[in-house]
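The listed protein sequences correspond, in order, to chains A and B. When we follow the numbering used here, the leftmost residue of the first sequence carries the number 1, and every step to the right adds one. When we follow the numbering used here, the leftmost residue of the second sequence carries the number 1, and every step to the right adds one.
If you're looking for bench data, these hints aren't it; they were derived computationally from the structure. Note that beta-carbon positions come from the ideal geometry of N, C-alpha and C, so glycine has one too. Incorrect hints may have been included.
To be verified - Partner residues aside, some chain B positions facing chain A, computed with beta carbon under 7 Å:
#1 46
#2 47
#3 51
#4 159
What follows is the residue order along each chain.
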Amino acid sequence: MLLCCGLFFGGHATAVVRFEPRSLYINSSVPGAATTYKVTMAYTTQTAVGSLDMLFCMDPIPYDPCVAPPGLDVSGAQYSESGSAPDTGYTLQTESPNHILLTRNPAVVVDGSQVTYTFDNVVNPTDTSHSFAIRLSDYASPSGSANMQPDGSIGVNDLDTIDLGSVLAQVGEGIEIETQVPPYLTFCINHTVEPDCSSTEGEAYTDLGTLDPSKPLTTTSQMAVATNAINGYSVSINGITMAAGTNVINALTVPTVSAPGNNQFGINLRANTSPNMGADPDGAGSAAVISPSYDVPNEFAYNDGDTLVSADSVAIGKRFTISYIVNSSPNIKPGVYTTTLTYFAIGNF
Amino acid sequence: MKRVTSFLSSALAVLFVAVSVVPVSAATNQTSSGGPSSSTGLSIQPRKNYVVNPGQTVTDRLQVGNLDERAELHVTFRVIDFTYGGQGGSPKLSLAQNAPPTPWSLRPFMKLPDSVTVPAGQTTQFSYSISIPKNQGAGSYYSAILYQATGGNSGNVALNASGVSLVFVSVPGTVNEKLGLQKLGAYASPNNGTTGQFVYIATSAPEMIGYLLKNSGNVTESPSGSITLKDMFGRQVNTIGKTNGNQALALLGQARLFTTCIESKQTQVQSLGGTANVTDTSCVKPHLFPGRYTVSLDAFYGQNGNQTHEINATAHFWYLPWWFILAVILVIAVLTVVIVWGKRRLASVIRGTTYRTGFGIRRKR
Numbered sequence: 001m002l003l004c005c006g007l008f009f010g011g012h013a014t015a016v017v018r019f020e021p022r023s024l025y026i027n028s029s030v031p032g033a034a035t036t037y038k039v040t041m042a043y044t045t046q047t048a049v050g051s052l053d054m055l056f057c058m059d060p061i062p063y064d065p066c067v068a069p070p071g072l073d074v075s076g077a078q079y080s081e082s083g084s085a086p087d088t089g090y091t092l093q094t095e096s097p098n099h100i101l102l103t104r105n106p107a108v109v110v111d112g113s114q115v116t117y118t119f120d121n122v123v124n125p126t127d128t129s130h131s132f133a134i135r136l137s138d139y140a141s142p143s144g145s146a147n148m149q150p151d152g153s154i155g156v157n158d159l160d161t162i163d164l165g166s167v168l169a170q171v172g173e174g175i176e177i178e179t180q181v182p183p184y185l186t187f188c189i190n191h192t193v194e195p196d197c198s199s200t201e202g203e204a205y206t207d208l209g210t211l212d213p214s215k216p217l218t219t220t221s222q223m224a225v226a227t228n229a230i231n232g233y234s235v236s237i238n239g240i241t242m243a244a245g246t247n248v249i250n251a252l253t254v255p256t257v258s259a260p261g262n263n264q265f266g267i268n269l270r271a272n273t274s275p276n277m278g279a280d281p282d283g284a285g286s287a288a289v290i291s292p293s294y295d296v297p298n299e300f301a302y303n304d305g306d307t308l309v310s311a312d313s314v315a316i317g318k319r320f321t322i323s324y325i326v327n328s329s330p331n332i333k334p335g336v337y338t339t340t341l342t343y344f345a346i347g348n349f
Numbered sequence: 001m002k003r004v005t006s007f008l009s010s011a012l013a014v015l016f017v018a019v020s021v022v023p024v025s026a027a028t029n030q031t032s033s034g035g036p037s038s039s040t041g042l043s044i045q046p047r048k049n050y051v052v053n054p055g056q057t058v059t060d061r062l063q064v065g066n067l068d069e070r071a072e073l074h075v076t077f078r079v080i081d082f083t084y085g086g087q088g089g090s091p092k093l094s095l096a097q098n099a100p101p102t103p104w105s106l107r108p109f110m111k112l113p114d115s116v117t118v119p120a121g122q123t124t125q126f127s128y129s130i131s132i133p134k135n136q137g138a139g140s141y142y143s144a145i146l147y148q149a150t151g152g153n154s155g156n157v158a159l160n161a162s163g164v165s166l167v168f169v170s171v172p173g174t175v176n177e178k179l180g181l182q183k184l185g186a187y188a189s190p191n192n193g194t195t196g197q198f199v200y201i202a203t204s205a206p207e208m209i210g211y212l213l214k215n216s217g218n219v220t221e222s223p224s225g226s227i228t229l230k231d232m233f234g235r236q237v238n239t240i241g242k243t244n245g246n247q248a249l250a251l252l253g254q255a256r257l258f259t260t261c262i263e264s265k266q267t268q269v270q271s272l273g274g275t276a277n278v279t280d281t282s283c284v285k286p287h288l289f290p291g292r293y294t295v296s297l298d299a300f301y302g303q304n305g306n307q308t309h310e311i312n313a314t315a316h317f318w319y320l321p322w323w324f325i326l327a328v329i330l331v332i333a334v335l336t337v338v339i340v341w342g343k344r345r346l347a348s349v350i351r352g353t354t355y356r357t358g359f360g361i362r363r364k365r
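Generate coordinates for the entire structure from the input sequences, incorporating the hints supplied.
Shown next, in the form of structure tokens:
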């Protein structure tokens, strides 16, 4: 009975906000630069507060172990504050390169009143690929939390902690920082290519021959893609279907088998047996996947603007063989049917 | 004179006949062997991010590499707009020549050269600039630089290769930030999150947790946080520290799907004391027991100088593998048989006796 009730109970998501408002302003987002940090916040719980803890971590969750942002250094920070008592009156105590404790004689704070704590000469992290956070927490004791773990985490039910909250930031890419290896995206297409694009063979065009209603015209080309960018890449295809002036051969909008005697234009990226052509992807890269419409052997499709392949993370070289088919009806209008297809390799966001 | 005219006429007639009998050869299925006449292999920087104040101009350089060791690479540049194509991170390009700029377009602010030629096997840098007007409002602006390599221009099927660099500019100031949670739960995907769907009752252990956030603000957002998974007894099964490990973005107006592995190959290797290959972010089957699970999301987002926002949410899913369902059915069936048999047995015992209150059970004589 309970199982049945549970089955019918739909999962739902609810949203809860804890400690606010709070914000962080960084005067310069240049990696490794010494700059000013301003933490603006309002106390939620109106009670005696003796210390305000600020722990700089890659992860904003206070219950997780803290990993210090690479390159960050607050040990030389100079402190000033703006706001009204009793939310001010702290002195700075630096615990480590990523840990600041503001301490004072305990005083009852004002609920909802915003105060800004300013730290000059904070050295920015150097990792531009990931955000970082300042974990804020306040305590009655001027010594901060007695229960903070060596890894910087605090317990979910820690009785010392009054309020919690984290603020996020991220340093930007420096311009022309020569010491960094920039992300790259490599792409090549031709009749045949190597998986790492080190060489290509053939020309970037194909003559298919004379249209024949009894059999499909076929050809193949190859492309290879790789990226070290953390968001991966997509490859899309653009261009109209085979056309001779205003006469077109219909593109297959959904995956369809080759049917000679019908006007069809389509592609896929798999090894086919009917007709016998093409190849499955090869190369060491495992992150890339073919879009479902182009991932069915012996079925072909084409839609202008479709994404053919995508990878959602770093993807080393992978080679794809594109198979093209053209079928024509017996009463197709005469002409030279052509198409120009442009393949776009794009970094994902 | 008449002879010359006659001779010329005859010569022209012979020439005409000679041309008319030459057959029009059908184009054969051919591709020329050997290397290409112009390169169709390029290497680019896929993305650039800037923070630019109103009234400020930034100048930067981009690299374009020619992967072909034999042919030159001729590249023409164009700035185009893009938006999201769905719930994922693949951009949808606006390629029409006369397309109107998007509200977040950088096209009016960018200057770059028309084209560049890169020698075989070499890399070239080119400069470009972004000038943000003085009165430009705070927020996110983005466009793409299209590198069009001149490829095939003949034959039935001509192929062109193009690379695209995405350019994001953040204009600092007070912005409107709003991420709304639309879905949270177990996510079944055959390909590490590229495609898939949310599941509430899973018959095979789900490998991923997904959450869908709708961006209704005027800045791109990249939330950060963690996800906790607990079983129906409240025990913590796993804590996923990087809910957005790739720093994926939710573009303006996009409902962006973020997925993360419950257990990844990396964490599995690291938990065994090994060093994980950072390029392999694939998921592995988590060690889950049948039952109801609770997913708790704690995600943060916020721009520089603006309020930090937090999203706390919980959702549930059931993991009921087929063997468990069959086992439950079997247990129920056995219990049913036992209960029915027990009742019949008891009934037959009672029929064989007389029971009267206060007198107990007496066997019929």
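Here is what the structure says about each hint:
A least Cβ separation of about 2 Å between residue 46/B and chain A falls short of the 7 Å threshold, and the interface hint therefore holds. Contact between residue 47/B and chain A, as hinted, is supported at the beta carbon level, the nearest pair being about 5 Å apart and thus within 7 Å. A hinted interface residue such as residue 51/B counts as satisfied when its beta carbon comes closer than 7 Å to some beta carbon of chain A; here the least separation is about 5 Å, so the hint holds. Taking 7 Å as the C-beta cut-off, the interface hint given for residue 159/B holds, the closest approach to chain A being about 4 Å.
The structure agrees with every numbered hint stated previously.
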